[in-house]
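Student: Next come the chains, spelled out residue by residue.
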Amino acid sequence: MTNRIDARFAALKAENRPALVTFIMGGDPDLATGQAILEALPQAGADIIELGMPFSDPMADGVAIQLGGQRALAAGQTLRGVLGMVEDFRRKDEHTPIVLMGYYNPIYVFGVDKFLAAAKDAGVDGLIVVDLPTEEDDELCLPALKAGINFIRLTTPTTDDNRLPVVLKNTSGFVYYVSMTGVTGAAIKSRGAVGDAVARIKSHTDLPVAVGFGIKTAEDAADIGRYADGIVVGSVLVEAVRTSLDNGKPTDRTVSAVRDIVADLASGVKRARA
Amino acid sequence: METDGLNSLRNGPDEHGRFGIYGGRFVAETLMPLILDLEAHYRAAKIDPAFAAELSDLSTHYAGRPSPLYFAKRLTDHLGGAKVWFKREELNHTGSHKINNCLGQILLAKRMGKTRVIAETGAGQHGVATATVCAKFDLPCTIFMGATDVERQRPNVLRMKMLGAEVRAVTAGAGTLKDAMNEALRDWVTNVDSTYYLIGTAAGPHPYPEMVRDFQSVIGTELKEQFFAAEGKLPDAVVACVGGGSNAIGTFHAFLDDASVKIYGAEAGGHGIDTDNGHAASMTGGRPGVLHGNRTYLLQDADGQILEGHSISAGLDYPGVGPEHSFLHDSKRVTYAPITDNEALEAFQLCTKLEGIIPALESAHGLAQLMKVAPTMDKDQSIVLCLSGRGDKDVESVGNYLGLL
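Same order as they appear, the protein sequences are chains A and B.
Going left to right, the first sequence walks through residues 1 to 274 as the working numbering numbers them.
Going left to right, the second sequence walks through residues 275 to 679 as the working numbering numbers them.
Keep in mind that the hints were calculated from the coordinates and are not lab data.
Take every hint as true, because none was put in to throw you off.
Below, computed lysine-lysine pairings styled on DSS-like, alpha-carbon distance capped at 30 Å:
| no. | chain 1 | residue 1 | chain 2 | residue 2 |
| --- | --- | --- | --- | --- |
| 1 | A | Lys13 | A | Lys92 |
| 2 | A | Lys92 | A | Lys270 |
| 3 | B | Lys347 | B | Lys498 |
| 4 | A | Lys189 | B | Lys384 |
| 5 | B | Lys388 | A | Lys189 |
| 6 | B | Lys435 | B | Lys388 |
All chains should be built: construct the whole structure from the sequences, respecting the hints.
Tutor: What follows is the structure in structure tokens.
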């Protein structure tokens, strides 16, 4: 079967608009509601889904995603449970690409080969593992590529021209450009610099380039979506889950809170190049 | 890198920063160029005689090295076995071995043109040592410390503030060393251009475990010379406490290839190794995983979530350990054993009453291990403890435990 990520970017290129990539934490605020949020995303306008694998020590994440991970873990989420979410999702949606995002230790403890086989079976299309730089490609990146799962690499403002080819070498699916030096949810310092960086990366690769970290509104999406092939939004969605809660419990607003923001962001990517 | 022959245990790490399967560089891409740059600067500094000369001068005149090797006669008589010796790292400026590493790294930070320093601290000993060198070298510094540790190590918090450091209390998780390190990494990833991350233990991404070990190895090198001068031979055993394990690797490294020297590391056994999440003995009670930039033994659940652990000693209250210790544990060169909170408290009191030396609670774990081993050894044998820190910071919390307050 064709790679879902490649197919989705090809279709969007034909539409001349960037992809809306949405991050949610798998199992936040609880397992059932987390599943409902996941399943609401495509219709709300998400083109690609990043599903967070919660970790006790998310060193690259700001407070919003830290808390989302803690809620999911408190609800009993596990790596196996996140794979189960994808499996259930695939029964209803064969086309929307799903990228799992998180940290290496739970995968390492699960067993790399066992994890890759289970992820492939569940219908996972790609992985973003924050604490596996290219220097550690033997750990998971190369086995994942061999198993037919994309390994999406983060490039950052500190990745200079000498290093960029090294980082891009085993990247597949798309390149995730981190718009700033910082943790998820902080503010972008310079829009202009992001545009230059995307152009710089594109001079090194034919892969689509998605921009994430610090994108919060439809205006941000429209603005950055003019030159990026995708925009990634996470913290605002995870924060919307939190503010919808009543005493830590989901309410009837929880799913719709996320869905409304995604719909608004989708309007942003649609007018990015209009 | 050491070159003691093919079979030496002192050859690590390899060019990927590995000690066997342990170590490595498990960091976000944002930090990767920084640690490569740090490694390049460290390699250059290591072979620069001017760097060595400056560090040596500071060690002598600022930190007070060499630290004495002391024969603990009353403790020896009390235990009735091997002769007991202390390598007196607690007499260093700032009160622990931490200054050895901080002096080395602050010189490196200066060479690299960094204008701000951050550090994590558990017991506050590393925070104090960092704040001290930052005062001396006129660099602003921010110390990340778990909120729980801020409470139980108040005197050190005050020292850091007086030295001009900003102390940020971290409330995430259990508010201990692990959480402080997460927050320091988040700060570093945000302030990449200006900031030097001065890691206090022999853990984290390569080259930190190697670099911190190198700066701490002065402990074992001096000890070896001093012991030879006193007794004309090698000691029969050396002991140190292990949290992240910087004083331990600094003590052990000089002896790794001396097969006649038994080496013991005391882990924090907390309430006991069988108590779920009630100890911080990552090698005795954990298994390999990846956290804070390196693969090493970690306390974790079946899903790979990191546990908080527990120790009475803030400095040992960490669910991981430096990767070289994991390697030495697997290779069985070093015997790592858990010491409970109560055993450490007992050793703390005994040392204070018999020798007139109040040890840090961390070092008291090492002493408790020594108290188990020394009586099993012959009277003509010798065992040396790295007395890594002094216990002034602990008198209030120990007083509380003992009902003296």
